[in-house]
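**Student:** Make a model of the complete structure from these sequences and hints.
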Amino acid sequence: MTATDPTAHLTAEQIEELGRELDAIRDEVIAGRGEKDAAYIRKVISAQRKLELVSRGVLLFSIFPPAWLIGTAGLSVAKIMDNMEIGHNILHGQWDWMRDPKIHSTTWEWDHVSPSEQWKHSHNELHHTYTNVIGKDNDLGYGIMRVDEDQRWHPFHLGQPLWNFLNACFFEYGIAAYDLELGRNLSKRRRKNPEFRARAKAVGRKIRKQVLKDYVIHPLLSGPSFLPTLAATFTANLVRNIWTHSVIMCGHFPEGVQVFERRSIKGETRGQWYLRQMMGSANISGSKAMHFMTGNLSHQIEHHLFPDLPSNRYAEVAVKVRALFDKYELEYVTGPLPKQVFSAWHKVFRLSLPNKKPKVKTPDRERELVAA
Amino acid sequence: MTSTALRSRAWKLLEMVTTPLLPSDYLDLVSPLRAGADLRGRIEAVHPETDDAATIVIRPGRGWRGHTAGQYVRIGVDVDGVRLWRAYSLTSPTNRQDGRVTITVKAIPDGKVSNHLVRTAKPGTLIQLDQPTGDFVLPQVKPAKVLYLTAGSGITPVMGMLRDIEFDDAVMVHCAPQPHDVIFRSELHDLVADKKLRLTEVHTDTDGMLDIARLDELVPDWAERETWACGPAGLLDAAEEHWAAHGVRERLHTERFRPGIVVTGDGGEVTFSATGKTVDADGATPLLDIGEEAGVLMPSGCRMGICFGCVTPLKAGAVRDLRTGEITEAEPGVLIQTCVSAAAGPCDIER
Ligand code: FES
Chain A
1 MTATDPTAHL TAEQIEELGR ELDAIRDEVI AGRGEKDAAY IRKVISAQRK
51 LELVSRGVLL FSIFPPAWLI GTAGLSVAKI MDNMEIGHNI LHGQWDWMRD
101 PKIHSTTWEW DHVSPSEQWK HSHNELHHTY TNVIGKDNDL GYGIMRVDED
151 QRWHPFHLGQ PLWNFLNACF FEYGIAAYDL ELGRNLSKRR RKNPEFRARA
201 KAVGRKIRKQ VLKDYVIHPL LSGPSFLPTL AATFTANLVR NIWTHSVIMC
251 GHFPEGVQVF ERRSIKGETR GQWYLRQMMG SANISGSKAM HFMTGNLSHQ
301 IEHHLFPDLP SNRYAEVAVK VRALFDKYEL EYVTGPLPKQ VFSAWHKVFR
351 LSLPNKKPKV KTPDRERELV AA
Chain B
1 MTSTALRSRA WKLLEMVTTP LLPSDYLDLV SPLRAGADLR GRIEAVHPET
51 DDAATIVIRP GRGWRGHTAG QYVRIGVDVD GVRLWRAYSL TSPTNRQDGR
101 VTITVKAIPD GKVSNHLVRT AKPGTLIQLD QPTGDFVLPQ VKPAKVLYLT
151 AGSGITPVMG MLRDIEFDDA VMVHCAPQPH DVIFRSELHD LVADKKLRLT
201 EVHTDTDGML DIARLDELVP DWAERETWAC GPAGLLDAAE EHWAAHGVRE
251 RLHTERFRPG IVVTGDGGEV TFSATGKTVD ADGATPLLDI GEEAGVLMPS
301 GCRMGICFGC VTPLKAGAVR DLRTGEITEA EPGVLIQTCV SAAAGPCDIE
351 R
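Line by line, the protein sequences give chains A and B. Letter by letter, the first sequence follows residues 1 to 372 in this note's numbering. Letter by letter, the second sequence follows residues 1 to 351 in this note's numbering.
Check each hint, because a few of them may be wrong.
Here are the simulated DSS-like cross-link-like pairs (lysine-lysine), alpha carbons at most 25 Å apart as the crow flies [unchecked claim]: (1) K12(B) with K102(A); (2) K213(A) with K12(B); (3) K43(A) with K122(B); (4) K201(A) with K12(B); (5) K142(B) with K112(B).
Derived CB-CB ranges, DEER-like [what the hints assert, rightly or not]: (6) R20(A) with L13(B): 20 to 28 Å; (7) R184(A) with E293(B): 26 to 34 Å; (8) K36(A) with A144(B): 42 to 50 Å; (9) R119(B) with V54(A): 33 to 41 Å; (10) I327(B) with G135(A): 37 to 45 Å; (11) G36(B) with D326(A): 54 to 62 Å; (12) A233(B) with V54(A): 54 to 62 Å; (13) R263(A) with G63(B): 58 to 66 Å; (14) D135(B) with K36(A): 35 to 43 Å; (15) D80(B) with R263(A): 41 to 49 Å.
Quick caveat, the hints were computed from the structure, so don't treat them as lab data. Cβ coordinates follow ideal geometry from the N, Cα and C atoms, glycine included.
**Tutor:** And the structure:
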């Protein structure tokens with residue numbers, strides 16, 4: 001947390017007005033949702049499937065280096081599409097309005113070792129409700145890192161650059177462990193909890209299926225190309241993991257992003273909730289292709305304000321949201337990917353060392369509201 | 001090993017290759033109408049019948065089991081990106097050689113699906129299909145004399161019958177506002193010219209609504225005829241009373257379109273059908289709260305409409321989205337977020 005609250009200049013009434021303006025943006029998109037949007041997600045899904053099919057086909061001949069390269073690149077992109085623009089967004093219910101049972105948050109399963117159901121709970125429910133609230137939102141450092149001056153330092157944090165790097169390489173496993181709250185649940189008593197066991201089993205099943213598919217069946221199908229195909233699928237998973245980890249780090253870790261105290265969200269109004277999402281998220285700037293490959297999480301701020309609006313609409317929403325940031329004199333944290341990744345990593349390194357606890361003065365808006 | 005067992009083994013193996021997707025997710029890309037796929041159809045042509053009615057020619061998928069004349073089919077169509085399901089009578093004969101079937105749709109005012117099908121549906125579009133169903137059908141043994149009593153689009157199931165089987169003595173009384181509103185008019189007149197049908201058209205704009213008592217004069221031997229009636233509720237109610245009053249109720253077969261009209265209002269009685277609880281709800285309290293207060297186990301998460309952790313099937317009735325005011329009516333497969341929905345009239349939540 002920076003020493004001054006960047007929202008201190010706003011009155012309680014202004015914040016509620018801001019909330020109403022954001023609601024209006026949301027309503028407008030919902031009223032305009034239609035055939036074009038539906039066609040978009042269908043096209044993306046079908047393109048992803050074709051790309052994956054072709055890439056896996058090419059990898060059957062991965063003994064030839066050009067085939068290996070093309071197949072690996074294609075499969076990496078296909079896996080990124082599956083997780084980001086398709087999986088993440090469908091699981092947010094962004095496409096539930098189509099009433100297509102095959103493209104629905106309740107039925108979708110993704111190419112990821114964390115089962116959809118578990119991820120929806122920890123991500124949609126906990127992270128999106130308690131965004132950046134210390135002690136409530138475990139996405140802040142995933143429970144293994146310290147990402148804010150206000151968090152208590154522990155010698156364990158000296159190693160956090162390394163933890164973060166390893167987490168990036170095996171990100172999907174990290175997420176699965178995180179969704180399982182593995183750290184907390186490993187105690188003897190909790191391990192026996194039947195609910196935890198059922199969830200752990202579900203993760204085990206997904207891991208087994210994915211490992212079988214990527215590291216046994218497809219290599220076997222490739223015959224003499226067994227080893228190159230194994231290397232290719234491993235590489236594709238690695239590329240996908242590092243890419244998604246980088247994108248996700250850019251969402252809440254870069255410098256300038258605020259975190260919040262547990263008590264600050266007590267009795268939070270709709271306007272205040274919106275404001276917290278605005279101050280707690282950061283964007284990535286770039287080309288259309290860039291936005292697509294991040295699953296439009298490059299529009300993290302817009303996504304956090306409206307997690308259930310179709311991702312293809314975030315770009316147009318961003319223009320309006322940014323105008324509101326200007327109007328209310330708030331900082332819109334954004335930048336190109338390399339800069340944001342660097343900024344996030346910089347923080348990881350910086351906070352691996354202890355610091356003095358900063359003093360922050362937050363305005364008491366409850367009193368203001370009563371006075372108003 | 002039997003060949004089915006072998007096939008299911010092979011399929012299991014394929015599933016391992018495609019996990020977490022299914023092999024059918026890939027096959028659907030190239031062959032959505034194949035045997036074994038979810039039942040779908042492809043619109044192959046749209047022929048206008050009147051100003052506001054059109055016949056849709058559909059090639060059903062390989063899993064189609066065929067229909068009996070008079071039956072209807074539920075179809076799922078994407079209108080403005082939203083999948084909506086409606087039932088329409090099949091109007092094609094059962095022995096059509098090219099394997100296609102037709103439905104004939106009349107655009108009703110504000111009817112999302114009917115207007116879409118009549119005015120904007122394009123050949124090539126995929127739609128979802130259910131197997132045909134309905135017991136408004138002809139008997140195995142041909143009755144000697146039949147009467148068809150129809151109004152408006154109520155003629156569609158009967159047209160399916162007329163095209164399928166010829167009777168020695170068939171009479172039809174059909175009501176429509178004006179001559180040009182009579183769907184299939186020229187085909188009907190051809191049947192009349194061939195002496196296969198006797199037809200009375202009642203043009204309600206000039207003749208007024210059909211008074212069921214006039215049947216005596218239009219079809220003097222109506223009571224001896226096996227009758228199939230389809231049209232608006234008013235006509236069918238009157239017919240049922242009339243036939244019953246003359247002690248020949250068993251000769252009358254009726255088909256009602258749109259059975260339940262959803263009444264929307266502010267609040268209403270909420271039924272939690274899985275638990276068997278019924279409570280009164282106002283129009284402002286989220287159904288999640290209503291359910292919890294009534295002791296129903298309701299899944300929930302953020303309680304503010306963002307996590308989709310509370311979605312639950314809406315089995316009947318209508319709800320209002322508390323954020324946008326939008327009304328959602330029950331249809332098969334419709335799920336609602338209980339934390340941001342309130343009762344808009346009586347409704348049934350599957351919890
Ligand atoms: S509880 Fe989160 S959307 Fe309803």
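**Student:** None of the hints should be skipped; say for each whether it holds.
**Tutor:** Right, here's what the structure says about each hint:
no., hint, result
1, K12(B) with K102(A), "holds, 20 Å"
2, K213(A) with K12(B), "holds, 12 Å"
3, K43(A) with K122(B), "holds, 18 Å"
4, K201(A) with K12(B), "holds, 20 Å"
5, K142(B) with K112(B), "violated, 39 Å"
6, R20(A) with L13(B): 20 to 28 Å, "violated, 56 Å"
7, R184(A) with E293(B): 26 to 34 Å, "holds, 32 Å"
8, K36(A) with A144(B): 42 to 50 Å, "violated, 57 Å"
9, R119(B) with V54(A): 33 to 41 Å, "holds, 39 Å"
10, I327(B) with G135(A): 37 to 45 Å, "holds, 40 Å"
11, G36(B) with D326(A): 54 to 62 Å, "holds, 56 Å"
12, A233(B) with V54(A): 54 to 62 Å, "holds, 56 Å"
13, R263(A) with G63(B): 58 to 66 Å, "holds, 59 Å"
14, D135(B) with K36(A): 35 to 43 Å, "holds, 41 Å"
15, D80(B) with R263(A): 41 to 49 Å, "holds, 45 Å"
Violation of the numbered hints given earlier is confined to hints 5, 6 and 8; the remaining hints are satisfied by the structure.
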